[in-house]
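Participant: Single-letter residue listing:
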Amino acid sequence: MTYDLVVIGGGPAGVAGALTAARAGLRVALVDSGARLGGQYFRHSAVPGAEPGLGRFLRQGRALGERADVLLRHQAWSAAREPDGTLVVHCVTRSSSAPGGGAGERTVAVRARRLLIATGAYDRPLPFPGWDLPGVLTAGGAQALLKGSGVVAGRRIVVSGTGPFLLPVACGLAGAGARVLGVFEAGVGLGLVRQPLLALDKAGEAVRYAVGLARHRVPYRTRQAVVAAHGEREVEAVTVARLDKAWNVLATRVVECDTVAAGYGFVPQIELGTQLGCETRHDVDGSPVLSVDAAQRTTVPGVWAAGEPTGVGGWRLSELEGRIAGLAIVAGHGTAPRTAPAPSTDAAAGPRGDLTTARAPAPGGDPAAAAGRPGEQEMPGEPEVPGELEMPGELEMPGEPGEPGVPVVPGVLVRRRARWRAFGEALQRAYPVEPGWQGWLRDDTLVCRCEEVPLARVREAQDLGATDARSVKLLARPGMGWCQGRICGYAVSCLAGEPPRPPRRPIAQPVTLGALSESGEASDRAPADDPPPHPNPRRSS
Amino acid sequence: MTHPDFLWRNPDPKPAYDVVIVGGGGHGLATAYYLAKNHGLTNVAVLERGWLAGGNMARNTTIIRSNYLWDESAAIYEHSLKLWEGLSDELDYDLQFSQRGVLNLAHNLGDVREGRRRVNANRLNGVDAEWLDADEVKKFCPIINVSDRARYPVMGATLQRRGGIAKHDHVAWALARQADAYGVDLIQGCEVTGFEITGGRVTAVETSRGRIAAGKVALAAAGHTSVLAERAGIRLPLQSHPLQALVSELLEPVLDCVVMSNAVHVYVSQAHKGELVMGAGIDAYNSYGQRGGVHVIEAQMAAALELFPIFSRARVLRTWAGIVDVSPDASPIIGPTPVDGLYINAGWGTGGFKATPGSGWVYAHTLAHERPHPLAEPFALDRFTTGALIDEHGAAAVAH
Ligand SMILES: Cc1cc2nc3c(=O)[nH]c(=O)nc-3n(C[C@H](O)[C@H](O)[C@H](O)COP(=O)(O)OP(=O)(O)OC[C@H]3O[C@@H](n4cnc5c(N)ncnc54)[C@H](O)[C@@H]3O)c2cc1C
Ligand SMILES: Cc1cc2nc3c(=O)[nH]c(=O)nc-3n(C[C@H](O)[C@H](O)[C@H](O)COP(=O)(O)OP(=O)(O)OC[C@H]3O[C@@H](n4cnc5c(N)ncnc54)[C@H](O)[C@@H]3O)c2cc1C
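As you go down the protein sequences, you meet chains A and B in turn.
Residue numbers for the first sequence follow the numbering used here, so the first one is 2 and each next one is one higher.
Residue numbers for the second sequence follow the numbering used here, so the first one is 12 and each next one is one higher.
Don't take each hint at face value.
[Unchecked claim] For each label pair, taking beta carbons as the anchor points, the in silico distance ranges come out as:
id, chain 1, residue 1, chain 2, residue 2, range
1, A, Val189, B, Glu263, 44 to 52 Å
2, B, Gly205, A, Leu73, 55 to 63 Å
3, B, His380, A, Asp85, 50 to 58 Å
4, A, Asp133, B, Arg111, 32 to 40 Å
Quick caveat, the hints were computed from the structure, so don't treat them as lab data.
Since the structure is predicted, the reported quantities are computational estimates derived from the model, not experimental observations.
By construction, the Cβ of each residue, glycine as well, lies at the ideal position given by its N, Cα and C atoms.
Pulled out of the complex, with its shape left as it was, chain B reads as follows (with noise of 0.2 Å):
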């Protein structure tokens, strides 16, 4: 099935709603699905200026896994990938969630020795972890180049079997499909462009489409977040920058399982229908236009074809970029801001598909109780100040 058999409405905005959620992509979709289905909030909206889930939702590599190192960041997407393991069930619409596996490979002694310590660190939050010597990825993954004569030898990996992908689209309209059903208001073709806040207080937002009204207003705007926090007077140490992605020619089935290797800033899968999807470190610059330079990638591709030699064959057919938000620490930021009603989600960066439902979830819970979801906390906004980083920067700062 290419597209869903389903609609959802196509409201004109109400003059007022509890919750105003600002961004249609995978985490606000998942916001209001929660909202509704978890807390009975269903008085909200999502606003979208474009349409639903064409930001980053339709331009991600929908990686999923979750072996983050530090405890705060484990826990988290472990939360995201149980949630993920029941979804497709719970929102009663194929997901295409495959559970292929995700290698993380090692290419010299430093990242050996983190890799290692990585499976020590999820194997105590309970994160499923191996790790592979040289001989085992190449039984796991064949195609891999393990040479020792190649530039970046392939030295071991880590494993998360539990890891791998889906079908980024099918989870955007089942989403919206679940939350527009609670009577969720999903509005498209709706950009806001500033805040009403009137003693500390935000009390509406302005749109495109005019005034609405909001008991709390909800970002959830990926790349253009610190652009919309600044209307509302608040900087965020947030960086805009585009990443790149390509996909290749279909082909027949090649690679069975996710390969990453952070330091030569690649990851490479099959999607379902045979094409290759490969992903790529961001642009070094801050940019907000979605279109990256093609001469990123061009070392980023080198190095991944000396890892899968197979693949210099297969035709590229177009490359893509979207904005992604990067914190200081490689690590979200969840909560309430210095506005009162006004709550940020943000700084997901790279790698925030495989958060979609767990992150979608602790927001939820933390808009309906005004007070952050025991997962959430860590992850406020005043860690900037407090000094208490969770470093997820990983081999080389990408982290899918």
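Chain A on its own, in the form it takes in the complex (with noise of 0.2 Å):
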């Protein structure tokens, strides 16, 4: 009746993380929203180009999709725990052949004794004068539109923000055609170079896209930003700004274009640990997080977290986050999953200062496999490219697997995840959203623009007395429409002059009342192999 393991998000982290556990023999499924694996950074088109990386994980997608069900177009909204300590994750999907209205939705149950949560996360936008026109885009979802449907998003575009993930953006539209007329970083851009941990691994990659730019000719220019969007109906110029050190506004000009593609960080997915009770904290800058010990385990027995969820810091932090989560995963399995929070000697100092221990493997199972031997966990695909994802001395494991305090988690990984990990708080660090954004806003600029409410009503509710986000909310009612805050949560939080709380979604995506009313009895997804499972009694009131 029940997989071993449910894996929520299909990007690098949710794929390395099912697959690891699949190859070890656990029963998996993994969903995902999108019609194809892939997530933000390996979205591709029906037919997928050559970027660098993405061959090695369709080769992964492809092994994961032998061994573990794969549910794309299954959208989670839910995840509880049942009575009996179940784990059920609540999807809709569409289908023509959908029973009974629901817009074509039927609505699917995915039982498991084990979730990882690898959902990511979505760009932060702030807002600015205009930022309502039609043509105004958030950077991820301009690259989105173009790595995972081909469509190039304006002809004359402006990117601007903050963080080096507006790069590959600008380079994605100049080499599909678009004419990027700048990249605007609203903080000093390149001046992470001068951070020591950028000559690790990334440097490379900046220089990829350095080169891009410059072979397109396309302006990167730092303490700049887009403050304004002008037009009648769609956008038809923005205002550029020089900026001082706080994001005040020191000189503009105005920038003819079509669109505007802007991002000011992550949002990390975190709805659904929060609906289990996870606990969080606040990453660098300042967005709440999933917290995960050593194995990538949440403070809820048997749900881990990997990937943005837990802290932004690229792609492949999330995936090396994912195969550890798969691993301790494995490791745990055959042990029934704890009913309280890890207890200390789980995630007890090895020998090696941070290493994970590991139980008994199943019994029966692979004691290779349940113990993790790094020689098999590896994922199949290409020859390494040297530096990107092995290091020598990985395979060395200590100990015997399966003695009660082997590492599960080879310590190079650990060792490597810290790196990544710091690397990408050096980047949060390096990147901050400074203050003065706040003064680009008129009194009329919608700051929430579901319920179209403006600056002044949120200054005025600040006048009646409301102190924080919440009572902001309550008063003037950003937040309370279709994106329940999702886009406008951040920017509210900074105006009430404190960092945004954790989401308190009980419906993480909204669904219609349709499915709601059918989740009772959804269709329980079960592992193939498995009895059919038996309808679900339509619970009386």
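Please dock the two separately framed chains into a single complex, following the hints provided.
Facilitator: Encoded structure:
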């Protein structure tokens, strides 16, 4: 009836975690709302191109498809624990043969003993006058259109925001034939090069993008940003400002264009974790993320998280975390899911400091697999680009697998994760959002587009005594509309002068009443080798 | 207008008050308002541990009606409804009180009998009530599915035309503004943690912002009342449950009345902006976490969609829960307690929003005169020892 593991999210983190577990013999299901695996970084069209690393990812995806149930176009809207401890992920999927209304939506419940949350992140936008005009997109949105559907968002495009992830967006758009009129980085941009950590691996990539921008003659300007968009019915021009250190406007000029792609960092998607009661912490950039231990375990027994829900640091970190989670899940497989938060012995500092230690392997399971011998856990695929994924020395495993106290996550992975995390945190530190953006807004600038709440209303709510984002919401309604604060939540928190709070959304993604009403008797998605599930008796009221 | 254009003060607590009201929801604010207005008592504080009206007052589905079965209930709820009818003028604030009619559906012969009996009882008590058969229901609310093949066929309904909805935050703001204008201190971020009781009489409350002496202490803490009362050594016959509701995306106007179905535990209205507001039954387990399980509302939504097939594609944006305090007979408890000077007003359960002005009115009177208002008298705590219960469970233990 139940899987050993269900993974939510088919980006680098989810695929690595699912594949690691499936290769060790666990019955795994992976759900993703997209039509194809890939997530944000490896998003690709039906006929994939030749982006670096994509071939390898696709092979992982295929290997996963052979060993696990990959449920695409499945949107998870709720994760909950049943009284017997089973975790159930409620999904909706569109299918033409759906029984009964619901806009062709069908509900599917996936049950498992363990859950890995790998739901990635989405762009963090900042409001500015005119950001509600057609033609203003998030950077990730423009990239997704291009990578997923081969659609170039506009002809004359301006990219603005902060952080190195603007570069691939600009490169991609320019490479696809758009005229990219500039990348306006509100911070100091490549100053990161001065960060010693960058010297590690990331430099190669930054150089690649710099070359790409040069080839297409895309200007890259730091301490500049789009502070307003203009147009009658859609974007016709933008105001680009020169900024001081705190992002106050020093001087402006107008640039004619038809599209703006803007992004100021990321919002990790952690709703499914907070639904289950996972504890959160604030990342360096203020984003609430799920707290995890050395084995990627959240504070809720049986629930792991990997990739951007635990903090943003690029796809390599996501993949690595997914893999570590997979190894830890495999190691714990066969032992009953704990009912209390991880006992201290589990993540105890081993002889090498930060190692995670194993329990006994699954009875009857392959001890080598269960203990996660790295040689066998390695992703299938082409020989690794040296320095990109593999490090010499990784294959060493001290001790015999299966013995209590044996590391299940090879130390080299743990150390590498520490390095990548430090890198991700350094990135966040190097590209902070400075408060001066609040001065870009006018009284009538919509802060919340769904409920059409202008800045003036937010300020009035504060005059009324609202000192936190929640009270602002109660008085002025930002975040009460369609997106439930996903877009404006960060900005409203900044305006209210507090770090964003973890989301409290019992429904992770809007779902139709039809789907909600069916979820009580949703068809169970069960591993193929199981007997068909009994239909759920209808709940009597 | 989405928010008030006025301020209330944000005072620090004084060392002592004549009356300290614990809980700044609708009932606490209404009590403060009527204490000042009807009884001239203004040395009063409302202590709220969070922000004003952020509890059930912010979470309820705002159905207002007075068609309760028993004389005692009909009297107090009808008193409240009459107050609603003049409240926008009185408070000088548009409460968006809309008397659009409330339908209570009957799905089986038992419901029909109960509904007709209720209509008669209501009329005898001067409460407007009508019985509609299925065709009349369809005429009154065309989008209801009255097909007799439905799992919950509609066999008729009671209708109270004077019932309806109001905008809950406007109600809270308007009451707060008036209470503040009378000089009542509305103190937010001030949690009551205990009581000082000397010689059987309460003399002060302990709070997160220090000790505050009080001539009288009036509990108005809804779902948290029993926890508080226990700190004063009183065990109340109340159970706290999460009650859930949800809101959809905005729709064009399609539903211009309130529809309730006790048998299937759902009630639906369309708010002024266009979103559907739907409530469900209470979660069966006791809890203080303001978050209900999604599984609890699935069956109810299935039933709701059978009544309103047209809504199946409406997207749910959010669900939430409030903690409601349910008494054994589903009626409130109003009046003095075994501790002198300590009063309670609780047990409004799933249906206390509609009572906001009426409850405040009788509670203020009870506090001012140190004896129950005649309308409150039947709702005394001792009915659970005398056995004079006022059973308003109705068809299925929901009374919104
Ligand atoms: C504009 C942009 C440019 C970037 N450029 C780079 C770069 O150059 N280099 C780099 O290293 N990183 C880059 N990143 C970051 C990179 O995308 C991420 O590091 C990587 O994709 C994260 O992998 P992940 O597996 O954690 O999450 P994702 O890749 O985001 O995967 C999450 C998956 O979960 C699915 N999902 C989420 N919620 C649900 C749900 N409720 N139900 C079902 N499925 C769900 C999503 O559909 C998605 O497929 C960029 C990001 C953006 C937005
Ligand atoms: C989902 C839902 C739907 C509902 N629908 C309806 C409906 O349609 N019609 C209807 O009539 N009723 C309805 N109700 C019931 C109605 O909301 C309540 O009966 C009513 O609001 C309770 O009174 P109140 O407003 O004073 O409560 P609250 O607003 O909950 O006020 C109590 C206050 O006390 C505070 N408090 C608690 N403990 C302490 C302490 N120790 N110190 C200081 N302060 C404290 C709380 O923070 C809270 O603000 C519904 C309730 C819910 C949850």
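Participant: Starting from the hint list further up, note which numbers the structure goes against and sort them upward.
Facilitator: none
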